[in-house]
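Make the full structure from the sequences, and use the hints.
Chains as they are written, first to last, in my numbering: chain A, 1 to 387; chain B, 1 to 387.
Read the hints as simulated data drawn from the structure, not as lab findings. Do not rely on the hints blindly, as some may be mistaken.
A pair holds if it fits inside one copy or across any two, identical chains being indistinguishable in the list.
Pairs of lysine to aspartate or glutamate, EDC-like flavour, derived with a Cα cap of 20 angstroms [claimed, not checked]:
hint : residue 1 : residue 2
1    : LYS270    : GLU46
2    : LYS43     : GLU135
3    : LYS358    : GLU175
4    : LYS228    : ASP37
5    : LYS362    : ASP280
6    : LYS275    : GLU365
7    : LYS303    : ASP278
8    : LYS43     : GLU266
9    : LYS267    : GLU46
10   : LYS271    : GLU385
2 protein chains.
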Amino acid sequence: MNKKVAIIGIGITPFGELWTRGYRDLITDAGTEAIIDSGIDGKDIEGLYIGSMSPGRFSGQEHIGALVADYSGLTGIYATRIEGACASGSLALREAYLAIKSGEMDVVVVGGVEKMTDVPTSSATVTLMGAGDQEWEAFKGATFPSLYAMMARRHMFEYGTTIEQISQVAVKSHENASRNPNAQFPFKVTIDQVMNSSMIADPLRLLHCSPLSDGAAAVVLASEAAAKELSRDPVWITASASATDTIALHDRVSLSRMDSTILAAEKVYKKAGVKPDDIDFAEVHDCFSIAEIMAIEGLGFCKLGEGGRMAQEGELSLDGRIPTNTSGGLKGKGHPVGATGIAQAVEATLQLRGQADKRQIKDAERGLIHNVGGSGATTVIHILERN
Amino acid sequence: MNKKVAIIGIGITPFGELWTRGYRDLITDAGTEAIIDSGIDGKDIEGLYIGSMSPGRFSGQEHIGALVADYSGLTGIYATRIEGACASGSLALREAYLAIKSGEMDVVVVGGVEKMTDVPTSSATVTLMGAGDQEWEAFKGATFPSLYAMMARRHMFEYGTTIEQISQVAVKSHENASRNPNAQFPFKVTIDQVMNSSMIADPLRLLHCSPLSDGAAAVVLASEAAAKELSRDPVWITASASATDTIALHDRVSLSRMDSTILAAEKVYKKAGVKPDDIDFAEVHDCFSIAEIMAIEGLGFCKLGEGGRMAQEGELSLDGRIPTNTSGGLKGKGHPVGATGIAQAVEATLQLRGQADKRQIKDAERGLIHNVGGSGATTVIHILERN
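What follows is the structure, given as structure tokens:
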């Protein structure tokens, strides 16, 4: 068995509406960059895991593992696709992590990719509802903005969370995105701009919502022995955990918290032997600004109901107590759904290596990445450490 | 690390055009049967792996892991979907096997499911081409019958394989299916019926082609320690291997053999420490009858080019040298694509337990299951043993 698993290479494309790059271009761009960054040779690679939510509906293409192996010049190796809606990337990371721990593989490439802008926006919205309950939510007309709007309303009702607090999350995300050259929206927004943007699903406005995006990210994972042989600068995955909740929102115990996150967080802290206070920074799943507030509460960075206050008081900012989404998050960086979990791993690795440039935080020793599928039916969490 | 992995429970639905059972009904039917068969309690289950190719396009539903966990009453556990076209089932089995070997889980349920008949046949054909190369095959009008027809023609040209030999595979599959109450086509066909059925893609006729099907299958996997505690009748997975080839047929070195099968077979025999002669029976991927011939050649049951002769001489029949597809295979039993790999594991377990009823073979000690994605871009092979 391999006890430890390292990230030894990272790659990421710009995120955005990328008319000149197709699905297979994006993932091979990111994968090639990760392999070059790792310094390994193609023949060292034993497995390929690709997280992607809906390539069948966005691009007419399934059989993604073999496709990417082929177009990367890795024909012959083991390859598979992993899907869990917007958590597909982190699920792929987790499966690759388990494969290395099993002892059957030592060097594995994990990619995440989505090409969402080749279809009309209405069609993309329908496709994304495949992450919810098709029979009990989608058929009734629910969309993800409306589902998260209900969570926001309930959070505001139970805890007195204000729309100003929710908006402050978006302001912070855009501030960070303005320092990330790969971000889809690399510019700042004011709280007035957020609170006066177009209404999407009351109380959520356009600037509370992550966009449709094209993009890909990749990491190279290695066993401890392989990492020590191949890498000068490994970052360690010290724990991986995941949990599920009901797929439909109406079946949940509570709309104002995310139980899959709470359950996965309990597991991941126990596995890593750390507490929320030991985390230096986090990339969390802010598909809507309210989701970031529910994430930091579920992760134990504050008590339930205090997330809005944390955002308002700047505790989540680059120089705050627990900087979140230094990359710009899904809101500012973009959200090509299958790529998001891997992009989080790339950002955390940059921070831990001290390579995050204008958005580098101080003393980054331990980061957490948090990726959600749908309205919270899946949460996947990893903890990454410098040593 | 867990060194050994056992199958301790199996479940399968009838395969066919099942108008009264939806996607989630099928997988929960099979999963419930597997859990009851294993004798375990729901609380023992730590993970759920679902193989499914195109639920997004067939049923508008992605996020399959969480969906099935929810509808099975297993909310909270780790769940993910695995996709690799028609090899999705075996890839899910392999990922679950690796998860147990990693030591992170001891009891895992693996399911495979597809609901293909809720869309028009033409739409299903387009969806299935998602298993091929969308840009270089599908856009040019290729379908899977046409791709396999080219392989058949080349095999006939290179080796003198005859259409009678190819047809004999279908006759044998239907003979076996007539003994399987869950089969979609539980009846015999004559070689004349096969050779005079409607032409689909020359030289392949209707009765050389597997059908569109609805269905699901599930197995419960356990670590050695858990199996010894929970099961009286475990069957052991002694090796798992998988390999890829180019996704498009025109990039292959040869059209008359399946290199992903040859490569995966080399690996799996090495891992299990056995030779082709040590295999008592096999379930192989006969999406088209020519594919079964290429499978048995790639698996080393005969030399390249001798598969047609093996079929003609009855060596693949229930009382032959290496009985293949005792279940009826994809041709006779049906081919709900995501379910197929798991259905193969169910059939092999029945044979090894001595529970295969009218299709039971003698002295079944070691079986092989062989699952292919697309035209051979993915092959996954497992070896199962009684002791």
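Tested hints:
With identical chains, the CA atoms of LYS270 and GLU46 are at most 20 angstroms apart between copies only, with a shortest distance of 16 angstroms across copies and 30 angstroms within one. In this assembly of identical chains, LYS43 and GLU135 lie within 20 angstroms of each other by CA distance neither inside one copy nor across copies; the values are 46 angstroms within and 27 angstroms between. Taking the shortest alpha-carbon separations for LYS358 and GLU175, only the intra-copy value of 11 angstroms comes in at or below 20 angstroms, while the best inter-copy value is 70 angstroms. With identical chains, the CA atoms of LYS228 and ASP37 are at most 20 angstroms apart within one copy only, with a shortest distance of 15 angstroms there and 45 angstroms across copies.
Taking the closest pair of Cα atoms, LYS362 and ASP280 come within 20 angstroms of each other only inside a single copy of the chain (9 angstroms); across copies the shortest separation is 62 angstroms, beyond that limit. In this homomeric assembly, LYS275 and GLU365 come within 20 angstroms of each other (Cα to Cα) only inside a single copy, at 14 angstroms, whereas the closest approach across copies is 50 angstroms. For the identical chains of this complex, LYS303 and ASP278 are intra-copy neighbours only, at 16 angstroms inside a copy versus 61 angstroms across copies, given an alpha-carbon limit of 20 angstroms. Only between protomers do LYS43 and GLU266 lie at most 20 angstroms apart by alpha-carbon distance; the minimum there is 18 angstroms, versus 38 angstroms within a single protomer.
Proximity of LYS267 and GLU46 under a CA criterion of 20 angstroms is satisfied inter-copy only: 12 angstroms between copies versus 29 angstroms inside one chain copy. When the C-alpha separation of LYS271 and GLU385 is checked against a cutoff of 20 angstroms, the pair qualifies only within one copy, where the shortest distance is 13 angstroms, while the shortest distance between copies is 34 angstroms.
Of the hints listed earlier, the one the structure fails to meet is number 2.
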